[in-house]
Amino acid sequence: MDVHVAAHQHEAPTGFVRKYIFSMDHKVIGIQYLMLAMVAVTVGMILSVLMRLRLAWPLEKWPMLAHIFPEGFAGGPMTPEFYLAMLTMHGTIMVFFVLTTAPLSGFGNYFLPIQVGARDMAFPFMNMMSFWVTFVAFVVMLMALFATGGAPIAGWTAYTPLSAVGAIGGPGMGAGQTLWVISIAIFCAGSLLTALNFLTTVLNLRARGMSLMRMPLTSWAWFTTAILALLAFPVLLAGGVLLLLDRVGGSSFFIPAGLVISDKHLTNSGGSPLLWQHLFWFFGHPEVYIAILPGMGVTSHILSTFSRKPVFAYKAMVGAIFAIGFISYVVWGHHMFMSGMSPYTAMAFSITTMAVGVPSAIKTFNWLATLWKGQIRFTCAMLFSLGFVSLFVSGGVTGMLLAQPAVDIFLHDTYFVVAHFHIIMGVAAIFGIFAGMYYWYPKMFGRLMHEGWGKVHFWFSLVGVYCIFMPMHFLGLAGHPRRYAQLTEFKYLLHLQPLHLFISIAAFITITAQVIFFFNFFWSLKKGKPAGDNPWESTSLEWSIPSPPPFDNFGPIEPIVHHGPYEYSVPGAAKDYIMQTDPPEARP
Amino acid sequence: MSVSTLELPLGPPPADPRVSLRTSLLGMKLALAAIGMLFTAFTSAYVVRHALDPDWHAVPMPRIMIANTLALVISSLSLEVYRRHRQERLWLTLSQAMGVLFVAGQVFAWRQLQSRGVYLSNNPHAAFFYVLTAAHGLHILGGLFALGGITVVAQERRFRWLEAASLYWHFMGALWLYLLFLLFGMN
Ligand code: HEM
Ligand SMILES: [Cu+2]
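Chains as they are written, first to last, in my numbering: chain A, 180 to 767; chain B, 35 to 221.
Hints were generated in silico from the structure; no laboratory data involved. Backbone N, C-alpha and C fix where the C-beta goes; we use that ideal spot for every residue, glycine too. Worth double-checking, as some hints may not be accurate.
As the list claims (entries may be wrong) - Footprint (simulated), chain A over chain B, 3 or more residues, beta carbon under 8 Å: (1) 55 to 69; (2) 75 to 88; (3) 152 to 161.
Build out the structure end to end from the sequences listed, making use of the hints.
Dropping the structure here:
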């Protein structure tokens with residue numbers, strides 16, 4: 180086998196700016212991404228609080244809020260337009276700037292190179308660019324939030340023709356929507372740079388002895404996710420370019436002939452609104468797996484570590500990740516069952532969608548088998564990983580229901596879908612992030628987070644999210660449509676109002692409980708227990724180096740890998756774990 | 035080939051040129067995969083939009099684009115000659131000049147269409163023409179930057195820069211032929 184060394188030699192920079200701001204060190208970049216995600220998640224949560232206020236108390240006027248957002252209230256309760264704007268920005272910020280940046284770019288940047296034994300990413304300059312491009316995208320997205328005319332109201336999926344017609348589409352559909360499209364296009368560029376780096380690093384810069392089949396499942400997950408990103412984001416970019424041209428260039432890629440909006444007859448002709456849906460969901464479905472796959476990797480890794488057992492059927496796990504990644508490219512039509520597609524097409528998409536259940540079930544059963552008869556250590560990281568498994572199952576089961584076109588005709592665009600994707604994408608991925616944070620925090624900052632407060636945080640979060648999202652299934656089954664500010668005029672929904680109240684209160688409690696996490700995070704930076712190199716007695720490479728790791732990760736030593744990633748409780752070994760860099764004799 | 039890391043003195047190992055070359059080429063191939071996906075998405079939009087539109091009027095190809103195509107092909111070929119022999123700077127200069135000529139010719143083609151009253155907004159075929167050639171053109175500008183870099187970058191990076199830039203440039207040439215076929219070959 181060839182030597183694998185970092186393709187470049189670099190010295191540690193000294194100035195503050197080169198070290199912490201325009202840094203090319205993958206670890207600094209990883210933390211920058213995590214910080215970006217933290218800011219974004221805070222904004223996203225505030226927006227969701229505003230929405231929940233409206234839903235729980237439909238007629239309240241909230242004078243204090245009305246003072247802050249005069250147009251949003253216009254003297255009465257929050258306007259439906261303002262509600263839709265909050266909804267759009269909430270979804271967009273969460274999906275792109277939290278669920279894509281934190282699990283993939285954040286933890287991936289920090290730990291992928293170390294886990295495969297590289298000193299940095301393959302292209303450090305490009306890596307730095309990827310963060311700052313993403314940062315600019317975020318700034319532009321915030322500009323959309325405060326644009327004149329208001330924030331866009333077309334949802335995170337920006338369905339055409341509404342998103343394409345410009346200001347006459349409603350408030351926020353002028354400058355706001357244009358900024359939205361530009362931000363997303365910039366975001367695509369940043370994500371592509373990240374994906375390129377991840378793939379090249381894994382394929383070319385692994386340490387000696389780090390064969391592919393010795394990579395931790397976290398690295399496998401980031402690798403697969405990067406493939407998805409590399410092939411999905413260009414499609415969104417193409418769609419975004421065409422959408423932007425429809426908005427500012429007068430073309431009609433997505434605007435059909437004879438469209439009348441607000442009594443105005445548009446002159447466009449021949450465009451296809453469905454074309455956008457195809458382009459969007461061809462990206463969109465892989466995107467939801469971009470959000471969840473790193474969480475699956477983290478969960479596999481952590482379940483094994485804290486049950487002191489090898490991952491059950493490692494090869495099957497790798498295969499399942501790949502199968503999920505591959506199948507995610509041929510299921511996008513399940514978002515479009517209601518678009519008038521032929522029943523045969525719908526059946527094909529239904530079958531491919533259900534096929535995702537097979538590798539998903541493989542993963543779930545292997546997680547359970549990993550736990551089976553393990554010596555389980557209930558650390559915070561472990562608890563959040565167990566929570567991830569629970570949420571993944573709860574959300575996956577409803578996915579199977581939605582995959583039936585006949586059922587979906589009823590459930591599409593109801594709260595049932597909202598419940599499904601929040602549980603599986605929103606919350607499961609967030610639990611993956613939390614698990615990763617409690618697990619890797621000591622490595623990143625040299626100190627442990629407070630376990631006691633972490634557990635309080637966990638229980639509030641787990642019970643909280645189930646209280647929030649489980650009842651939404653009932654709303655959906657009762658026919659409650661999504662993306663409406665207020666449904667008090669509909670008799671058949673009136674009796675469900677208490678449920679909305681319950682959900683909102685649960686949401687406020689759960690969101691407040693996140694303060695515990697933020698407090699723990701910042702408190703532990705200074706006051707946490709010193710971590711040492713390997714507080715969890717883990718096996719992968721990042722635990723063989725100091726916490727936090729030195730600039731080039733491994734110092735003067737070139738890491739050489741002699742073991743698989745999950746050699747826990749090997750009979751006859753001196754300790755109950757063998758690190759990947761331990762000498763070959765460690766395994767008797 | 036194998037250099038044992040065990041024999042290396044302490045301290046970060048010297049950057050191995052073979053690894054660097056492989057890494058650059060792999061990075062470039064992945065970038066090309068992404069670019070390929072971008073144009074695949076445009077293609078599918080083109081096919082769908084074409085099939086749906088009852089009043090799709092194909093714009094005839096501006097004549098100058100034949101010359102442009104020739105320039106791009108010559109550019110690719112001369113770059114290949116330079117890559118193989120590397121002594122004759124002339125081939126590189128020729129390649130760069132032909133690339134610039136291509137861009138100039140494309141600008142001319144755009145202006146010609148506009149002077150005939152063909153805009154983004156009034157003809158879907160023209161809209162795709164503008165989008166596809168502009169997207170390709172931006173990539174060509176990036177490629178010209180890369181070709182310019184070959185003789186500018188530090189000596190030890192020069193070789194892999196040239197290899198990666200050639201790969202990119204040939205891809206752009208092939209992509210151009212494909213776009214011509216897509217836009218004008220099927221009408
Ligand atoms: C067992 C696997 C899964 C199946 C069978 C499945 C199935 C579906 C179906 C059929 C829909 C469309 C419902 C509708 O709009 O009427 C849907 C929506 C959605 N799913 Fe899943 N899903 C699965 C896993 C996931 C995962 C892992 C994620 C994310 C991590 C996810 C995220 C979403 C999102 C975000 C939406 C809604 C998008 C929107 O309309 O805004 N799903 N799912
Ligand atoms: Cu989907």
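Hints and how they fare:
1. 55 to 69: Holds: 10 residues of the segment 55 to 69 of chain B have a Cβ under 8 Å from chain A.
2. 75 to 88: holds (count 9)
3. 152 to 161: As far as the segment 152 to 161 of chain B goes, the hint holds, because 5 residues have Cβ atoms under 8 Å from chain A.
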